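Visitor: Take these sequences, add in the hints, and give me the full structure.
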Amino acid sequence: MSATPLRVFITGASSGIGAALAREYAARGAVLGLLGRRRAALDALIAALPHPERHRAYAVDVTDHAALAQAAQDFIGTHGTADVVLASAGISYGTLTERLDDLPLFESVFATNLTATIATFAPFIETMKAATGPRRLVAIGSMAGIRGMKGAGAYCASKAAVHSYAESLRLEMRRYGIRVVTIAPGYIDTPMTSNNHFPMPFLMPADRFAAQALRAIDAGASFRVIPWQMDVVARLLRLLPNGLFDLLFARAPQKARKEAA
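Numbers 1 to 261, taken from UniProt numbering, label the letters of the sequence shown in order.
Any given hint might turn out to be false.
[To be verified] Across the chosen pairs, the derived CB separations fall in these ranges: (1) 64 with 147: 24 to 34 Å; (2) 99 with 28: 40 to 50 Å; (3) 253 with 61: 29 to 39 Å; (4) 69 with 253: 32 to 42 Å; (5) 211 with 39: 43 to 53 Å; (6) 47 with 78: 14 to 24 Å; (7) 191 with 149: 44 to 54 Å.
Since the hints were derived computationally from the structure, they do not count as laboratory data.
Note that the structure is a prediction, hence the values are computed from the model and not measured.
No residue lacks a Cβ here, since even glycine has one placed at the ideal position from N, Cα and C.
Guide: In C-alpha coordinates:
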(Lines of atoms letter the chains of each structure in order from A and count residues from 1; the text may use other names and numbers.)
(Lines give C-alpha, C1' and ligand atoms only; values in the text may rest on other atoms or scores of the structure.)
Protein backbone atom coordinates (compact mmCIF):
# COMPACT_ATOMS: atom_id res chain seq x y z
CA MET A 1 0.00 0.00 0.00
CA SER A 2 1.38 3.41 -0.94
CA ALA A 3 2.00 5.99 1.77
CA THR A 4 -0.52 8.77 2.23
CA PRO A 5 0.82 11.87 0.45
CA LEU A 6 1.86 14.87 2.50
CA ARG A 7 -0.84 17.57 2.61
CA VAL A 8 0.65 21.05 2.19
CA PHE A 9 -1.05 24.47 2.09
CA ILE A 10 1.09 27.37 0.83
CA THR A 11 0.27 31.08 0.58
CA GLY A 12 2.13 33.45 -1.70
CA ALA A 13 2.34 30.60 -4.20
CA SER A 14 1.93 32.68 -7.37
CA SER A 15 5.67 33.32 -7.71
CA GLY A 16 9.02 33.57 -5.94
CA ILE A 17 9.64 31.60 -2.77
CA GLY A 18 6.08 30.27 -2.54
CA ALA A 19 6.17 28.85 -6.07
CA ALA A 20 9.62 27.34 -5.48
CA LEU A 21 8.38 25.63 -2.31
CA ALA A 22 5.37 24.31 -4.23
CA ARG A 23 7.63 22.79 -6.90
CA GLU A 24 9.83 21.15 -4.26
CA TYR A 25 6.90 19.65 -2.35
CA ALA A 26 5.19 18.49 -5.56
CA ALA A 27 8.39 16.70 -6.58
CA ARG A 28 8.07 14.75 -3.31
CA GLY A 29 4.53 13.68 -4.19
CA ALA A 30 2.69 16.08 -1.86
CA VAL A 31 -0.91 17.19 -2.33
CA LEU A 32 -0.94 20.99 -2.49
CA GLY A 33 -3.33 23.82 -1.78
CA LEU A 34 -1.77 26.86 -3.46
CA LEU A 35 -3.04 30.31 -2.61
CA GLY A 36 -2.10 33.56 -4.31
CA ARG A 37 -3.61 36.63 -5.86
CA ARG A 38 -3.07 35.68 -9.52
CA ARG A 39 -5.25 32.85 -10.82
CA ALA A 40 -3.41 32.58 -14.15
CA ALA A 41 -0.03 32.21 -12.42
CA LEU A 42 -1.39 29.57 -10.04
CA ASP A 43 -2.98 27.61 -12.88
CA ALA A 44 0.26 27.74 -14.89
CA LEU A 45 2.25 26.56 -11.87
CA ILE A 46 -0.09 23.65 -11.19
CA ALA A 47 -0.08 22.62 -14.85
CA ALA A 48 3.71 22.32 -14.69
CA LEU A 49 3.73 20.21 -11.49
CA PRO A 50 3.72 16.42 -11.30
CA HIS A 51 0.15 15.10 -10.94
CA PRO A 52 -1.56 18.47 -11.48
CA GLU A 53 -4.94 16.86 -10.81
CA ARG A 54 -3.98 16.48 -7.13
CA HIS A 55 -3.53 20.17 -6.47
CA ARG A 56 -5.97 23.01 -5.93
CA ALA A 57 -5.55 26.73 -6.63
CA TYR A 58 -7.11 29.47 -4.53
CA ALA A 59 -7.05 32.94 -6.10
CA VAL A 60 -7.21 34.92 -2.86
CA ASP A 61 -5.51 37.99 -1.40
CA VAL A 62 -4.20 36.99 2.04
CA THR A 63 -5.46 40.26 3.51
CA ASP A 64 -9.03 39.08 2.77
CA HIS A 65 -9.28 37.01 5.94
CA ALA A 66 -12.75 35.64 5.23
CA ALA A 67 -11.71 34.37 1.78
CA LEU A 68 -8.48 32.97 3.22
CA ALA A 69 -10.41 31.08 5.91
CA GLN A 70 -12.82 29.78 3.27
CA ALA A 71 -9.92 28.47 1.19
CA ALA A 72 -8.43 26.79 4.26
CA GLN A 73 -11.77 25.17 5.09
CA ASP A 74 -12.10 23.90 1.53
CA PHE A 75 -8.67 22.27 1.79
CA ILE A 76 -9.51 20.78 5.19
CA GLY A 77 -12.86 19.54 3.90
CA THR A 78 -11.10 17.77 1.04
CA HIS A 79 -8.07 16.38 2.89
CA GLY A 80 -9.03 16.31 6.58
CA THR A 81 -6.31 18.69 7.66
CA ALA A 82 -2.87 19.87 6.54
CA ASP A 83 0.45 18.37 7.56
CA VAL A 84 2.33 21.55 6.63
CA VAL A 85 0.93 25.09 6.50
CA LEU A 86 3.38 27.51 5.00
CA ALA A 87 2.78 31.28 5.24
CA SER A 88 4.94 32.58 2.41
CA ALA A 89 3.03 35.64 1.18
CA GLY A 90 5.01 38.85 1.60
CA ILE A 91 5.55 42.31 0.17
CA SER A 92 8.30 44.90 0.57
CA TYR A 93 8.32 48.64 -0.09
CA GLY A 94 10.87 51.31 0.61
CA THR A 95 9.28 53.62 3.19
CA LEU A 96 10.10 56.80 5.09
CA THR A 97 8.47 57.63 8.41
CA GLU A 98 8.47 61.38 7.80
CA ARG A 99 6.29 60.91 4.72
CA LEU A 100 2.73 60.72 6.02
CA ASP A 101 1.63 59.37 2.67
CA ASP A 102 3.78 56.30 3.39
CA LEU A 103 1.59 55.33 6.35
CA PRO A 104 -0.74 53.22 4.16
CA LEU A 105 2.34 51.37 2.89
CA PHE A 106 3.40 50.57 6.45
CA GLU A 107 -0.11 49.27 7.14
CA SER A 108 -0.16 47.24 3.91
CA VAL A 109 3.21 45.61 4.65
CA PHE A 110 2.14 44.65 8.17
CA ALA A 111 -1.22 43.37 6.93
CA THR A 112 0.42 41.09 4.36
CA ASN A 113 3.57 40.03 6.19
CA LEU A 114 2.34 39.68 9.77
CA THR A 115 -1.44 39.68 10.14
CA ALA A 116 -1.94 37.40 7.13
CA THR A 117 0.54 34.91 8.62
CA ILE A 118 -1.69 34.70 11.70
CA ALA A 119 -4.80 34.42 9.52
CA THR A 120 -3.15 31.65 7.49
CA PHE A 121 -2.40 29.47 10.50
CA ALA A 122 -5.61 30.09 12.47
CA PRO A 123 -8.08 27.93 10.46
CA PHE A 124 -5.79 24.88 10.55
CA ILE A 125 -4.81 24.70 14.20
CA GLU A 126 -7.78 22.79 15.62
CA THR A 127 -7.61 19.98 13.04
CA MET A 128 -3.83 19.83 13.35
CA LYS A 129 -4.12 19.45 17.12
CA ALA A 130 -6.34 16.41 16.62
CA ALA A 131 -4.04 14.83 14.02
CA THR A 132 -1.02 12.62 14.54
CA GLY A 133 2.37 12.45 12.90
CA PRO A 134 4.67 15.33 12.00
CA ARG A 135 2.83 18.64 11.73
CA ARG A 136 4.39 21.96 10.83
CA LEU A 137 3.34 25.62 10.86
CA VAL A 138 5.98 27.47 8.86
CA ALA A 139 6.45 31.24 8.91
CA ILE A 140 8.66 32.89 6.31
CA GLY A 141 10.56 35.62 8.12
CA SER A 142 13.63 37.39 6.77
CA MET A 143 17.19 38.38 7.49
CA ALA A 144 15.68 41.87 7.43
CA GLY A 145 13.97 41.03 10.70
CA ILE A 146 17.31 40.67 12.53
CA ARG A 147 18.24 44.37 12.58
CA GLY A 148 16.54 47.46 11.16
CA MET A 149 17.86 48.89 7.90
CA LYS A 150 17.51 52.33 6.34
CA GLY A 151 14.50 52.87 4.13
CA ALA A 152 13.04 49.48 5.06
CA GLY A 153 11.34 50.27 8.35
CA ALA A 154 8.04 48.69 7.35
CA TYR A 155 9.57 45.48 6.00
CA CYS A 156 12.16 45.03 8.77
CA ALA A 157 9.64 45.70 11.53
CA SER A 158 7.04 43.38 10.01
CA LYS A 159 9.52 40.51 9.70
CA ALA A 160 10.87 41.06 13.22
CA ALA A 161 7.26 40.81 14.36
CA VAL A 162 6.83 37.57 12.40
CA HIS A 163 9.86 36.12 14.20
CA SER A 164 8.50 37.08 17.61
CA TYR A 165 4.96 35.95 16.82
CA ALA A 166 6.16 32.55 15.58
CA GLU A 167 8.22 32.12 18.74
CA SER A 168 5.13 32.71 20.87
CA LEU A 169 3.12 30.29 18.75
CA ARG A 170 5.91 27.72 19.01
CA LEU A 171 5.51 27.67 22.79
CA GLU A 172 1.72 27.40 22.52
CA MET A 173 1.84 24.49 20.05
CA ARG A 174 4.54 22.49 21.81
CA ARG A 175 2.12 20.52 23.99
CA TYR A 176 0.26 19.34 20.87
CA GLY A 177 3.34 18.11 19.03
CA ILE A 178 2.98 20.79 16.34
CA ARG A 179 6.33 22.27 15.38
CA VAL A 180 6.43 25.97 14.48
CA VAL A 181 9.31 26.67 12.11
CA THR A 182 10.60 30.11 11.18
CA ILE A 183 12.64 30.35 7.99
CA ALA A 184 14.57 33.59 7.52
CA PRO A 185 15.74 33.92 3.91
CA GLY A 186 18.71 36.05 3.01
CA TYR A 187 18.77 37.41 -0.53
CA ILE A 188 16.81 35.00 -2.73
CA ASP A 189 16.52 35.52 -6.49
CA THR A 190 12.80 36.36 -6.81
CA PRO A 191 10.68 39.13 -8.34
CA MET A 192 10.79 40.92 -4.96
CA THR A 193 14.59 41.17 -4.88
CA SER A 194 14.80 42.05 -8.59
CA ASN A 195 13.78 45.60 -7.60
CA ASN A 196 16.77 46.02 -5.26
CA HIS A 197 19.39 48.31 -6.75
CA PHE A 198 22.15 47.56 -4.28
CA PRO A 199 24.58 44.66 -3.72
CA MET A 200 22.93 41.46 -2.48
CA PRO A 201 25.63 39.19 -1.03
CA PHE A 202 25.15 35.42 -1.27
CA LEU A 203 22.16 35.79 -3.63
CA MET A 204 20.58 32.33 -3.88
CA PRO A 205 18.34 30.78 -6.57
CA ALA A 206 14.80 30.23 -5.29
CA ASP A 207 14.77 26.51 -6.06
CA ARG A 208 17.98 25.90 -4.10
CA PHE A 209 16.51 27.88 -1.21
CA ALA A 210 13.36 25.73 -1.32
CA ALA A 211 15.33 22.48 -1.11
CA GLN A 212 17.19 23.72 1.97
CA ALA A 213 14.01 25.09 3.52
CA LEU A 214 12.30 21.70 3.24
CA ARG A 215 15.18 20.07 5.10
CA ALA A 216 14.77 22.59 7.93
CA ILE A 217 10.99 22.04 7.96
CA ASP A 218 11.38 18.27 8.04
CA ALA A 219 13.78 18.60 10.98
CA GLY A 220 11.33 20.85 12.83
CA ALA A 221 13.99 23.55 13.23
CA SER A 222 12.74 26.40 15.40
CA PHE A 223 14.61 29.08 13.42
CA ARG A 224 16.78 28.76 10.34
CA VAL A 225 18.55 31.40 8.24
CA ILE A 226 19.17 30.38 4.62
CA PRO A 227 21.76 30.39 3.09
CA TRP A 228 24.24 29.44 5.81
CA GLN A 229 26.53 32.38 4.97
CA MET A 230 23.73 34.75 5.94
CA ASP A 231 23.24 32.80 9.15
CA VAL A 232 26.81 33.75 10.07
CA VAL A 233 26.03 37.37 9.20
CA ALA A 234 22.84 37.22 11.29
CA ARG A 235 24.71 35.94 14.34
CA LEU A 236 27.27 38.73 14.00
CA LEU A 237 24.56 41.37 13.60
CA ARG A 238 22.87 40.23 16.80
CA LEU A 239 26.15 40.65 18.69
CA LEU A 240 26.98 44.15 17.42
CA PRO A 241 26.51 46.92 20.00
CA ASN A 242 24.12 49.61 18.78
CA GLY A 243 26.86 52.21 18.50
CA LEU A 244 28.98 50.03 16.24
CA PHE A 245 25.96 48.89 14.23
CA ASP A 246 24.92 52.51 13.65
CA LEU A 247 28.43 53.47 12.58
CA LEU A 248 28.67 50.61 10.09
CA PHE A 249 25.21 50.87 8.55
CA ALA A 250 24.28 54.57 8.69
CA ARG A 251 25.82 55.08 5.25
CA ALA A 252 24.80 51.76 3.76
CA PRO A 253 22.66 51.74 0.58
CA GLN A 254 18.94 51.73 1.25
CA LYS A 255 15.83 50.45 -0.48
CA ALA A 256 14.32 53.06 -2.78
CA ARG A 257 11.07 54.58 -1.57
CA LYS A 258 7.95 53.52 -3.44
CA GLU A 259 6.59 56.60 -5.17
CA ALA A 260 2.87 57.14 -5.50
CA ALA A 261 1.43 55.94 -8.81
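Visitor: Is 40 to 50 Å a correct range for the gap between the Cβ atoms of residue 99 and residue 28?
Guide: holds (45 Å)
Visitor: Using the Cβ atoms, figure out if residue 64 sits within 24 to 34 Å of residue 147.
Guide: Hint holds: Cβ distance 32 Å, inside 24 to 34 Å.
Visitor: Given a hint of 44 to 54 Å, does the C-beta separation of residue 191 and residue 149 actually sit inside it?
Guide: Violated, at about 20 Å.
Visitor: Is 29 to 39 Å right for how far apart the beta carbons of residue 253 and residue 61 are?
Guide: Holds: the Cβ-Cβ distance is about 31 Å, inside 29 to 39 Å.
Visitor: Okay, residue 211 versus residue 39 on CB: inside 43 to 53 Å?
Guide: Roughly 27 Å apart at Cβ, these two residues miss the hinted range, so it is violated.
Visitor: I want to verify a distance hint. Is the separation of the beta carbons of residue 69 and residue 253 within 32 to 42 Å?
Guide: For residue 69 and residue 253 the Cβ distance comes to about 40 Å; the hint holds.
Visitor: Take a look at whether the Cβ-Cβ distance between residue 47 and residue 78 falls inside 14 to 24 Å.
Guide: holds (19 Å)
Hint compliance for this structure: hints 5 and 7 are not met, and every other hint is.
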